[in-house]
Amino acid sequence: MGLDVGKFMKNPEYEIKIITYRDIFQVEALERDRFGKDYEKLSAFIGMSKNDMAKMGLKSGDRVKVANNNGSIVVEVRESRRDEPGGVAFMVNSPWSNVLVSDDMGGKGIPEFKNITAKISLVKEEITSLESLMEYFRKLKQV
Amino acid sequence: MATCPGCALLCDDIDVIVENNRIKETRNACRRGAARMKGCFNRLAPSIAQKPVDIESAIRKAAEILKVAKSPMLFGFSNSTCEAQVKGIQLAKKLGAIIDDTSSFCQGLLIETIFQEKFRTCMLEDVRNKADVLVYWGSDAQDSEPRHLSRFSYFPRGESRQRGYEEDRIAVAIDVRESNTAKICKGHFYRIQPKGDREFILALTDALSGKVPAYEPKKILELAAILKKAEFGVIFAGIGLTYSIKEDMEILVALADKLSNFHIMPMVGHYNMRGFNENLFKETGFVNRVKFEGKAVQHSPAEVLDTPSRGVTLVHDDKYSIVEALRNESIDALLVAGSDPLSSLPRSLVRHLASIPVICIDPCVTMTSKITAVTIPCAVSGVESGGTAVRMDGKKIELSKIIESDYPTDEELLTRLMEAL
Ligand code: SF4
Numbered sequence: 001m002g003l004d005v006g007k008f009m010k011n012p013e014y015e016i017k018i019i020t021y022r023d024i025f026q027v028e029a030l031e032r033d034r035f036g037k038d039y040e041k042l043s044a045f046i047g048m049s050k051n052d053m054a055k056m057g058l059k060s061g062d063r064v065k066v067a068n069n070n071g072s073i074v075v076e077v078r079e080s081r082r083d084e085p086g087g088v089a090f091m092v093n094s095p096w097s098n099v100l101v102s103d104d105m106g107g108k109g110i111p112e113f114k115n116i117t118a119k120i121s122l123v124k125e126e127i128t129s130l131e132s133l134m135e136y137f138r139k140l141k142q143v
Numbered sequence: 144m145a146t147c148p149g150c151a152l153l154c155d156d157i158d159v160i161v162e163n164n165r166i167k168e169t170r171n172a173c174r175r176g177a178a179r180m181k182g183c184f185n186r187l188a189p190s191i192a193q194k195p196v197d198i199e200s201a202i203r204k205a206a207e208i209l210k211v212a213k214s215p216m217l218f219g220f221s222n223s224t225c226e227a228q229v230k231g232i233q234l235a236k237k238l239g240a241i242i243d244d245t246s247s248f249c250q251g252l253l254i255e256t257i258f259q260e261k262f263r264t265c266m267l268e269d270v271r272n273k274a275d276v277l278v279y280w281g282s283d284a285q286d287s288e289p290r291h292l293s294r295f296s297y298f299p300r301g302e303s304r305q306r307g308y309e310e311d312r313i314a315v316a317i318d319v320r321e322s323n324t325a326k327i328c329k330g331h332f333y334r335i336q337p338k339g340d341r342e343f344i345l346a347l348t349d350a351l352s353g354k355v356p357a358y359e360p361k362k363i364l365e366l367a368a369i370l371k372k373a374e375f376g377v378i379f380a381g382i383g384l385t386y387s388i389k390e391d392m393e394i395l396v397a398l399a400d401k402l403s404n405f406h407i408m409p410m411v412g413h414y415n416m417r418g419f420n421e422n423l424f425k426e427t428g429f430v431n432r433v434k435f436e437g438k439a440v441q442h443s444p445a446e447v448l449d450t451p452s453r454g455v456t457l458v459h460d461d462k463y464s465i466v467e468a469l470r471n472e473s474i475d476a477l478l479v480a481g482s483d484p485l486s487s488l489p490r491s492l493v494r495h496l497a498s499i500p501v502i503c504i505d506p507c508v509t510m511t512s513k514i515t516a517v518t519i520p521c522a523v524s525g526v527e528s529g530g531t532a533v534r535m536d537g538k539k540i541e542l543s544k545i546i547e548s549d550y551p552t553d554e555e556l557l558t559r560l561m562e563a564l
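For the protein sequence lines, the chains are F and U, in the order given. In this text, residue positions in the first sequence follow the working numbering: the first is 1, and each later residue adds one. In this text, residue positions in the second sequence follow the working numbering: the first is 144, and each later residue adds one.
With the rest of the complex left out, here is chain F (with noise of 0.2 Å):
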């Protein structure tokens, strides 16, 4: 019988696929005030099942490191109000969710804004803010 690695380490890491998506609320609230706090609550999380949450041992309100090669985000999770079959999460689309969208897209200008796919894992540290994207461009530009 395999060995269950997951079962020993403190926060296991899975695979997910996240489809992102708009919402009313969230356009409001860009609309208004881009930096404010509003916005960031309602861009800063990711929505999944509670079968997938269960089965990852997360519960609303948690906070989730979702990362791939692109880059990394802590946002938090919060069960999806509809009934949803599982084996996908969602984000709003916004600043966020364009952390993790790969910039390669076989030369046809359209990236994968929908189709994204990175590792879950559940940390404490704290959601990552607006200000904190914000530095990571003007650390750029300083090099």
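Check the hints yourself; a few may be wrong.
[Unchecked claim] A few chain F residues facing chain U, derived, Cβ under 8 Å:
| no. | residue |
| --- | --- |
| 1 | Gly71 |
| 2 | Phe90 |
| 3 | Ser102 |
| 4 | Met134 |
| 5 | Arg138 |
[Stated by the list, open to error] What the simulated footprint calls covered on chain U by chain F, stretch by stretch (three residues with Cβ under 8 Å from a Cβ of chain F suffice, anywhere in the stretch; the number is not a length):
| no. | region |
| --- | --- |
| 6 | 183 to 192 |
| 7 | 283 to 290 |
| 8 | 488 to 502 |
[What the hints assert, rightly or not] Pairwise CB distance ranges, derived in the manner of DEER restraints:
| no. | chain 1 | residue 1 | chain 2 | residue 2 | range |
| --- | --- | --- | --- | --- | --- |
| 9 | U | Asp311 | F | Asn11 | 51 to 57 Å |
| 10 | U | Lys194 | F | Asn51 | 49 to 55 Å |
| 11 | U | Arg334 | F | Ser60 | 21 to 27 Å |
| 12 | F | Phe25 | U | Lys194 | 32 to 38 Å |
| 13 | F | Asp83 | U | Asp549 | 50 to 56 Å |
Hints in this document: simulated from the structure, not taken from any laboratory. Positions of the beta carbon are idealized from the N, C-alpha and C atoms, including for glycine.
Once you have looked at the hints, place chain U with the ligand on chain F.
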């Protein structure tokens, strides 16, 4: 009555209550529209290297940057009036620059196919009056163009649809998630796998041709039966669909060919993205991704077309999309009008923005404006200035000037920029 510049539905039935030259209240507008019309919290101020200056100095500096650039690019324009877009195209011509807009990574391919008349399309008024089968495909109108269902498609009474959604209309949603629009399409929600649109289109085309579809035959045959019965059907194609099939637009054309009573309409978020596509198409025969070189115009993908009447050569190439230009680091200056690439593009791509001078024209502070070499504030079009815009179905709509403002319009700024050159 005012027109809302919140999305490409351009609702022209908005009542506004103005107090002390501020919009205090809007009536009829959705949340998105009301927020756009009431204005943003952080207005942009003119600056050079993030230090405050007057507008005139900012324009002069922008002209300087563009003048010395070897490969400048102009980008954005989906939140600009048609008049400003035409000025932007003139500016690109004058500079021998690349010009592209947000449709380049949004609905451009679909809109181009519509301009090439490969699809039947229709007006939103036709939808309201005649449509009986409405297919929202990869489109969550409820969240992106929030009054689409209530003003035009599912809920209203129409000339031949007196009983609206209760009896006369069927709404179908095809999507990877049960969106708010899908919730309304009770019983007619078809969930597809991520990137599953292609498979779904092929299966549906098979079913409509009398073959047994290879994929989920029961559901597909049931949907085919609904579509076949339509007297006036419309497929509202959202970015979910466009992102998924990308340049494979021909399979959608083939499906539309099987549906003789159907029309295809692009769902457009930005209020005048279609306007930009129309204006550039009129000028060059392409909807985006164009490079002007002397008298020649280059476009993507590599394809040479002679248009002797205008004395220009058109060359097609995807490298003139904003995304490829940034990825290949092939531009050395960028003017952004009414868009926030730092926020809306993959972060892996926008690194190049940090290493070139960027000029930002916008009414509001954006992520991009916070790192740019020059910022130039403009009036909010459709609120502080008028003009024209093109609705998602192609209808020209007048924008209203509702309140007074000292900010110049983007059209004015682009004109002044051209003069400064
Ligand atoms: S649906 Fe679009 S145009 Fe109409 S009120 Fe809402 S944002 Fe404005």
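Comparing the hints with the structure gives:
| no. | hint | result |
| --- | --- | --- |
| 1 | Gly71 | holds (6 Å) |
| 2 | Phe90 | holds (6 Å) |
| 3 | Ser102 | holds (6 Å) |
| 4 | Met134 | holds (6 Å) |
| 5 | Arg138 | holds (7 Å) |
| 6 | 183 to 192 | holds (count 3) |
| 7 | 283 to 290 | holds (count 5) |
| 8 | 488 to 502 | holds (count 10) |
| 9 | U:Asp311 to F:Asn11: 51 to 57 Å | holds (54 Å) |
| 10 | U:Lys194 to F:Asn51: 49 to 55 Å | holds (54 Å) |
| 11 | U:Arg334 to F:Ser60: 21 to 27 Å | holds (23 Å) |
| 12 | F:Phe25 to U:Lys194: 32 to 38 Å | holds (36 Å) |
| 13 | F:Asp83 to U:Asp549: 50 to 56 Å | holds (52 Å) |
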